[in-house]
Amino acid sequence: MSSPSSFLITAFAALALVVALAATPAAAQNNNFNPTAQSVKEDQLLNALKDGERLTGRISIPDQKAASLIQPEGREWRVFHQDKLPLIGGVVLLGMLLALALFYLVRGRIRIDSGPAGVTITRFATLDRFTHWLTAGCFTILALSGLNVSFGRMLILPIFGPEAFSALAGYGKIAHNFLSFPFMIGIALMFLIWVRDNIPEKLDLEWIKQGGGLFSKGMHPAAKRFNAGQKVVFWIVFFGGLAMSVSGWFLLFPYMAQGGVSSLQIWTTLHAVLAVGFIAAMLAHAYIGSVGMEGAFDAMGSGEVDLNWAKEHHSLWVAEEQAKGHVGAGHPVAAE
Amino acid sequence: MARVKFLCDADRCIECNACVTACKNEHEVPWGINRRRVVTINDGKPGERSVSMACMHCTDAPCAAVCPVSCFYTTADGVVLHSKDLCIGCGYCFYACPFGAPQYPKVGNFGSRGKMDKCTYCAGGPEEDSTPAEYAKYGANRLAEGKLPICAEMCSTKSLLAGDGAIIAEIYKERVMKRGYGSGAWGWKTAYKETIAS
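Listed in order, the protein sequences are those of chains L and S. Numbered by my numbering, the letters in the first sequence go through residues 2 to 337 in order. Numbered by my numbering, the letters in the second sequence go through residues 859 to 1056 in order.
Mixed in with the good hints, there may be bad ones.
[As the list claims (entries may be wrong)] Straight-line C-alpha distance at most 30 Å; calculated DSS-like pairs for lysine-lysine: (1) L:LYS42 - S:LYS942; (2) S:LYS995 - S:LYS942; (3) L:LYS66 - S:LYS942; (4) L:LYS85 - S:LYS1047; (5) S:LYS973 - L:LYS66; (6) S:LYS903 - L:LYS85; (7) L:LYS66 - S:LYS964; (8) L:LYS42 - S:LYS882; (9) L:LYS66 - S:LYS1016; (10) S:LYS903 - L:LYS66; (11) L:LYS51 - S:LYS1051; (12) L:LYS203 - L:LYS312; (13) L:LYS66 - S:LYS995; (14) L:LYS51 - S:LYS903; (15) L:LYS66 - S:LYS1051; (16) S:LYS1051 - L:LYS85.
In case anyone wonders, no lab produced these hints; they're calculated from the structure.
Okay, chain L solo, but in the shape it has when bound (with noise of 0.2 Å):
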């Protein structure tokens, strides 16, 4: 059928096809095309990362929070973490501490200035000083707690050791954990039964004005059931704790925080530089409350103050007290 020839140009075309085919690879060497050299590089996408942002991909298990790569911001939270909350706190607490401990020295302890009248008035009832305690109680072990981890490692593990100290921080942490929800109530019924006399009015113009006669003796600008200091208590307390509430309850339920890491970054900082502002005005409200002010402490203590002390410090709510019949005869009170 087919001649010499016919066979010679098959034969030959046959051999440029396969010469061919095995020249595309060389040529395309020589053109220095390679597809798969042209990929991502680490380098590139971590500079083009901006604040905040991760390096993520696809994943194939079902964790899908593992599809970040890398977060590089881990490190600022170390840093904030490490070398800034330390300085924070440290001149925040210590710089209340050393405050209370001068105006302690200058002013002494504030005296009732007509000296106890031996009878008392009602000023808090079991109400009042039940939720005072429940959300005092809360928060200095909460307060205690979240101090350990952040400043333990550094003040208490050196005494205890690593064993004792751990189970300390883990018995701290699981308090943490609970007790933020009486506190949570505490601070809801304190703004419910509170609030009513915390609303700022003119009177706190003059009474801090006056620096509340805190600074000077004899002096005792008029108030009623809370006086300007008090009403600022009240309302760091309640807007503190709720800022406390809201940062820590994404710490609480970790998997509810939208943003995953990035978010409980921003909530844990957020948590840990509230508390320690927080901190310090208790230690303030504890003292004024307590060693700094002669009968201060009756009225959570008790519930029932000296009339002397009412009068002095909240002149128109005894007023007030008086006209509806609530001050008779007064308690009679035993001797200190």
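Following the hints, complete the assembly by docking chain S onto the known chain L.
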């Protein structure tokens, strides 16, 4: 002693996830915990690369720095390990870790995460080497047996390298020179503050 490291040559990784599976099997890692994972960057696009990532055993590890109970320690080989007896499960290491390495056995709320778990570089924990107590908490201690981490040992394309940092860096550099490209030593800049020229 050598300073051991991990290096994932992403240009070789074929996303087979065998490292992930081998790790889970070797240490009997519980459900929901992955000490190692493979992340694909630019999936489906030209130039996509897969990277096998676990704890990088950082120099000056962030987890160790922020731990409130100081439960981390670095071995003579540069492996970052932790004590589950001391861990209180607070989650701080998770906030600070650049690589998402710390894992928690419980996804429960109320902060009940349980003790943190992470890659041990197959080097166990503070317990005595190769004891049942060590195995139960941290998994196998291959390093004590003179073996390298299982994930790198069985990597079919030899993409994942483990061992002396200087040697694996040299191997990677040679590969990049020979083939003429490399997507980078993923995580090295972040973990060891160094890069391998590519």
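Hint by hint, here is what the structure shows:
no. : hint                : result
1   : L:LYS42 - S:LYS942  : 36 Å, violated
2   : S:LYS995 - S:LYS942 : 7 Å, holds
3   : L:LYS66 - S:LYS942  : 23 Å, holds
4   : L:LYS85 - S:LYS1047 : 24 Å, holds
5   : S:LYS973 - L:LYS66  : 19 Å, holds
6   : S:LYS903 - L:LYS85  : 42 Å, violated
7   : L:LYS66 - S:LYS964  : 15 Å, holds
8   : L:LYS42 - S:LYS882  : 29 Å, holds
9   : L:LYS66 - S:LYS1016 : 27 Å, holds
10  : S:LYS903 - L:LYS66  : 22 Å, holds
11  : L:LYS51 - S:LYS1051 : 19 Å, holds
12  : L:LYS203 - L:LYS312 : 20 Å, holds
13  : L:LYS66 - S:LYS995  : 24 Å, holds
14  : L:LYS51 - S:LYS903  : 22 Å, holds
15  : L:LYS66 - S:LYS1051 : 25 Å, holds
16  : S:LYS1051 - L:LYS85 : 22 Å, holds
Taken one by one, the earlier hints fail for this structure at numbers 1 and 6, listed in ascending order.
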